[in-house]
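K.L.:
Residues per chain, in single letters:
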Amino acid sequence: MVAHAEIRVVHLGGSKINFREPVITNDSRFLLCASGESVKVYSSSSEECVHDLQGHTDLVSGIVRNPSNHLQVYSCSADGTVRLWDFTDGILIKTFIIGYPIYSIYVSENHGGVVFVVVPMANDKSSELFQLVAVHLPLSGDQEVEARELSAVLCDVSPSGAASFGRKGEYIAAVKGLQLEVFFFKNQKSHRFFLKPGNKKGAKNAFTCVSCHPKEDCIATGHEDGKIRLWRNFNQKKEYTYSTLHWHHGAVNTLQFTPEGTNLLSGGIESVLVQWHYTQENQKDFLPRLGGAITHIAVSPDGSLFCTSHSDNKITIIQSCVKVSAIIQGLVKGEGVRTDLTIDPRSKALVLNGKPGHLQFYSLHRDKLLYNLDIVQQEYIHEEGLDQFEVVKAAFDTRGDWLATVEERTQKGSELEINLKLWAYDEQTQSFMLNTTVTAPHEDQIIAMCFSPSPEITMLVTISFDGHFKAWLLADHSDTKEGASWSCDFVGGYHHLKPGCCCFSADGSLLAVGFQEVVTVWSPSWELLTTLSQPPGAIRELCFGRLSCSKYLLGTSTKNQLCCWNLLTCSLEWSTPVDVSLLQADPLSENMAAFCSQSGCSDLFVFKPGEPRPLYSQKALCTGKVQRAVFAPRDQMLESCEEHAQWLNRSQLYFLTQHMDLMTFSTKTEEDRLLASSKLLMVDDSVAVTPFYLLLGKHRQQQEALTNPMAERIQLPQGSIAIKELLYTPAHVLPSASFLCSMFVRSLLISSSSASETKVLQHTLPFKSLGSLRNVLVFHEMSCKMNRKYSQDVDKVINNDF
Amino acid sequence: MASFKSTKIPIYPKLGEKVTPDTLYWKNYKAPVQIKEFGAVTSIDFSSLAPHNYAVTASTRIHIYGPFSTEPVKTFTRFKDTAYSGKFRSDGQLLVAGCEDSVVRLFDVSGKVALRVFKGHTKGVHVTDFTSDCYHILTGSDDYTCRLWDIPNSTELTSYKEHTDYIRCGTTSKLNRDIFITGSYDHTLRVFDARVEKSVMTMDHSQPVESVLLYPSEGLLVSAGGRYVKVWDLLKGGQPLVSLKNHHKTVTCLSLSSNGQRLLSASLDRHVKIYNTTNYKVVHNFDYAASILSLALAPDDESIVVGMTNGVLSIKHRKSPEEKREMVGKQRMQPVYRIFVKGRNYVPKKDDFLVSKPVKSHLAKYDKQLKKFNISKALDTALESWRRNRKPEITVAVMKELDRRGTLKNALAGRDEQNLSQLLNFLIGNVVDPRFTPVLVTATEMILDIYQAVVGQSSVVDRQLVRLQELVEREVDYQQDLLEVLGMLDTLFATSLPRKECFSVFDGTSSDFENP
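Protein chains in written order, with my numbering: chain B, 1 to 802; chain V, 803 to 1318.
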C-alpha cells in the first residue's frame, strides 16, 4: 500500500509540564516550563499559556534564566543543543550546538558566558554515568553556533537536578547516592563527603536533592528517609558539621532556599510545602493538600512567588507561602490509563482517569484541562505502599446525561472493594452530581460496561469476571421523595463462562456479550436470540457496525482473527487473520479503525465492514502496541476531496501509544493549516461585528458623510487594527490601559497627515476606485471557486497594490 | 489547596415499606379506641346524616354510636335472636335489620319499638337494605330467596328464588330504584331488576360470596368471597376485570374510601388491605388483633371502624391538622428567630459592594482528629456510647477509613480493659450485621491478633471473647443452613424450568444499593 503523505501522525499536546523545575521570571509575570519538545510560557496571574517556544527536536531537559539578561532564558534538550530565547516575544535568539544529549543545565551570575550542563560520560549516548561540564558560549553574531569549548567539572553526577551553586558561585555542590561532592572553583578542588547506608531504625541516608544557601556557606541536602541535613564548614575535609531537620515521613523530593536565604522550602510525597525558618529551625510553616507529590520547587528572584511542580502534571503558584494563587494543570497520564479514552458528548472533552480518584475532562481543541471530577470523594493519603481507590472504568450515555464510573481498591489479603457510581448531569451547576452508589455490584472485577444507546430506556450493562452480566435500570420512584435511582434489573450468564466484552448495537435493540469463544446476542427483553462462534480463540473485542453497515457485528479474537458476522443470516460474512489489538468504531460514520500489532510496530487499517478493501492503511504507525484509541467528533465537518482522507472528515482519531503519548492524525498539510488560520483572520477583518466596532463604525460613518465618502475606505482598516489589537490580543499581554487609551483615542482622530492623504487620494480617485473594484471582483471569484492557496496570493497582490 | 474531605458515611437503604403518599395518608390516624360488644360484630353502617352516627350490629343488639362517643347513643334490643345487617336509610331516619328468627324489623332512629315487622322469610335474614327511592326494602335470607317489601303497606312486593344457597350479601343501586345485586354461597352474583321477573345478569365468583360493593358510578361491581376479591364490569355484561388474591383467609368485607380512589378489603386473616383502584395494587395494610367481620369508613375517611369476631369494635379517628403540627413543633427545638436569622434577610442596596465570605465547613469531631492523624482518638470518638449505639454506621465508617489508611491496627492497639470491653461489645452487637460484616471481621481479626497475649488476664474480656466466639459459630451454622436451602431451591427450579440453553437468573436482591 502506498504511504499517504497527506495524512500525518502528529503529537498532540498534553505533554508533561512537571518534568523539570519551572522558572519564574524576574518580574514574576511569567512562568516557564519544559513541556515535551517545547518550552511553554505561562502568565503567572492568569494561568494562560502566552507563548509556546518551539525549536528543540527532542525532549527539553532544563530551563534557566540568563543571568546577564533578565528577558532571556537558556533551555537545553536531549537533542544536544542549548537555545537562548526571548520569552516576552517568543523568539529564538541563538542556538548553541553541544553535540551530546544534555540532561540538565545550571548557570551562575559569577560565571559569565559559561553554562554548566550534564552530559553522558564517555560521550556515548547509552552510558549510565553522567558528568557536569562547563561550556563556554562563543560570542558570535550567528544564529547557530557550535560550542566546542567544554571542560569537565564534576564526574559521576546524577542526571537530573541534584546540583546547586553556592554563595557567589564560589562552589558547586552535587549529590548522588550516598555522596555529597563540593567543587570549589577558586582552587579547582573538590571535597567529597560520604554517609553510611544506615539501615538501622529504618534510616535511608541516600541523598535525593541539594540546595545551597545564597548568602552563607551552608548546603542543605534531602534524604530518602525524609531527613534534611544542613552542612556547614565543608571547606575542610575533616571538620565539617551537619545538623538534621526531620519532618517528612517519605523521601524529600526537592529543596530550595529563598533568594534572601531566610527560609528553606522542602517538599515530598506528602504533598505538603514545608517552610523552615533558617535561623530558628524548629519553626516551620505548612501548606498542606496541594495535590500530587511535590517534585520541584521554584522561587521567583524577588521571593514573592513560589511554585511547586507536582507528580500529577500540575504546577501550583503560591503567593508568599500562604495562598495558592494559580494552578496550571496539564493532562495527567500517570502510570497507566485505566479507564478507556472516552469523549464527553456534551463538552466534547476527552475523559480519562487523572489524579488519583478523579476523572479529568481535557479539551482536545484547546489543549487545556477543563476540570477534574472527584469520583472517590475521599481524603487522599499521601503515603507509599497504601492501597488507594482507583477509577478504573467510566462510560457516558449518548446524550451525556449520565456518567457511570467504577472504582476499585485491591487490598492485600482481603477482598476486592468495588463501587459502581452513577452520576447525573446537573444543568444548574454544569457538572455531574452523584445519584446512586452501588457497593459491590459484582463479586469480581468489572471488565467492561456500556450504556444502551436507545433513547427510550436508560440502561447500563456491566460485565464482570464473576461470569455474570448485569443490567441496571433507572427506576423512577416518583411516588416517594427520593427521586430517580438505579437498580439491578437483570442478571445473565452463559454456561458459567467468563464474559470478555459487551457492545450495544447503534439503536440499542441488540446487546452482544462475548463469553470466551461464544458471542451471545440478547434482545432488550433479555431473550437469548442467537449465539455466534468462531473457534479457536476467545473473543477479545466486539463492535457493531453503524448506519448502513448495522447488520454486521465485528469481533476480534485472541487467535489473531478478525471476524465479521452478518446478523440477518447469523452467519460469518468474512474473517481475516490479523492480530488486532484495538478495534474502534466511528460513532458518526460506518468506518472502523483496527490497530494491529506486528513485529513490535502498530499498523492502522480503516475500513467499512461491508466493503472488501480498506479505506486507508498505514504501516508502522508507532513502536509498541497502541493502548487506547477514540474517535472524537469534529467541531465542523471537513470537506476533503481525497478519497483516502475522507474518513477523517467527521471525526478525528486519537490514540495513546505504549509510552503514553497522545497522538492524532492530521489530514491537512502544514500550509493548509496556516492558510486556514490566515483565512480565519481575513474573515475577522471583513466581519468584525463586535458591538464596539458597530458603535465606532456608525460614529465614523457619520463623520465620513460630512467630509467625503472616500475617507471611509482609508480610515476603516486603521480603525479596525486598533480595535483588533484591543480586542483580540489577550488582556495580559496588552500594555497598560493608560497607554492604550491615548493610542486608541488618537486612532479615532483624523490626523492632519491622513487629511492631506485624502486630498491626494481625491486626485487619484478614478484610478483607485477602478483598482479596488477589480480587486473586489477577483476576490469574489476566488471565494466562490478557487483554492485557498491562490487566495493567499491574491491577498499578497492586493497588499502590493495598496 | 484542597480542603479536607470528610469521612463518607454510607447511607444504607431503609428496609421495609417505602414512604408513599398513601402510607402517609393511612398512617395519619390516632391510636384505636376499642369497645367491647356482646358478640361478634357482623355489620357496621354509617348514617349519611350530619353527625354521622353509626349502627353496630352485634349479637342480639344494634348499638348506635356518635362519631366520638365510646358509649352507645342508642340501643335496639328488641330482637329474639342474633340480629344482622343494621342499615340506615339514606335520610338517616329509619333503620332496618334482619334477624336469625327470619323477621325483618324497621325502626325509627329516635324510637325504640319496631315501626314495621316484615314476616315472610322462613330462615334467618342476613341482608337488608333500602332502595334508592326510600320506600322499599330489600332482604336476602338463608331460605335462598330475596324479597322486596313495601314500607308504607308493609307488604311483600316480589320474591326471587334463583339462588341455590344462602344469600349472605346484597346491595341496592343508588341510581336506580329497581336494581339490586345479591351474592350467595352458591358462588354466584345476580343482578335483579324489580320490573322483571328474573335476574338480568349472573356472574360466577367461583367462591361463596361474602360481600358485594357497587362503585359510585355503578359501572363496576366488586365482590369478595373466599380469598379472592373480584371486580366486574357491569356495563360490559358482567365481564370479570380483575381478580385480586392478597389475603390468605376469606375476605369478609369491602369498602370504598370517600373519594372512591381506594378500595379496602377486610379478611379473617386480620388484615385490612387498601388497593389503588386504578391499578389494583396494594398500597397500604392495617393489622388487627382478631379476624375481621365488618368494616366501615366514615364520610371523608374521618374514622375507620372495624368489627371483629371476638366482639371488639375498633375505631380509629383521623388526626386533626392542629395535633399534627403540635407533634412536629415538639420534636424540633428551633433557635430564637433573632439568632437564627442573624442578618440573613438583609437586602443589599443598589450601590453596595458585595464581599462574599468563605463558608467555613464544619467537620465532625472524628474528622478533625483524622485530619490531624490522631487515629486512636478518632476511633475513641467514633466509639462514644451514643454514637456506637444509635449510629453504628458512623463507627464502622471511621473504622473503614482507618483501615484504608492502613492504621486500623495501630488505632486498635494499646487499649485498657474498659476500652477493650467497650470495643468487643460493639463487635458483638454488630459483627453479624451484613452491612458491617466486611469491615468488622477485619477489625475482629486484628483485635484477636493484638490481644491474644493477654487473654486470661481479665474475666470481663474473656467472657466477651467467648460470647463473640459463640456468636460467630452460630452465624456460620446459620449461613451453612441457608446455603443448603439455596441448593435445594436450585434443584427445584432446575427441574421445574423447561430445559433451555442458557441459564439466566432474575435477581433483584443480591446487590444492595443506596441513594445518596
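No lab work stands behind these hints: they were computed from the structure.
Ideal placement from N, C-alpha and C gives every residue a C-beta, glycine not left out.
There may be inaccurate statements among the hints.
[Claimed, not checked] Below are the BS3-like pairs computed for lysine-lysine, each with C-alpha atoms no more than 30 Å apart in a straight line:
1) B/K227 <-> V/K1193
2) B/K284 <-> V/K1179
3) V/K1170 <-> B/K284
4) V/K963 <-> V/K882
5) B/K412 <-> B/K323
6) V/K1152 <-> V/K1170
7) B/K323 <-> V/K810
8) V/K925 <-> B/K284
9) V/K876 <-> B/K412
10) B/K227 <-> V/K963
11) V/K1159 <-> V/K832
12) B/K412 <-> B/K368
13) V/K876 <-> V/K925
[Stated by the list, open to error] Per label pair, the in silico range of CB-to-CB distance:
14) V/V1243 <-> B/R338: 24 to 32 Å
15) B/H659 <-> V/K1170: 41 to 49 Å
16) B/L547 <-> V/I811: 23 to 31 Å
17) V/K1170 <-> B/L638: 56 to 64 Å
18) B/H659 <-> V/Y1148: 55 to 63 Å
19) B/L497 <-> V/K820: 55 to 63 Å
K.L.:
Going through the numbered hints above, which ones does this structure break? Give me the numbers in ascending order.
P.N.:
1, 5, 6, 8, 9, 10, 11, 12, 16, 19
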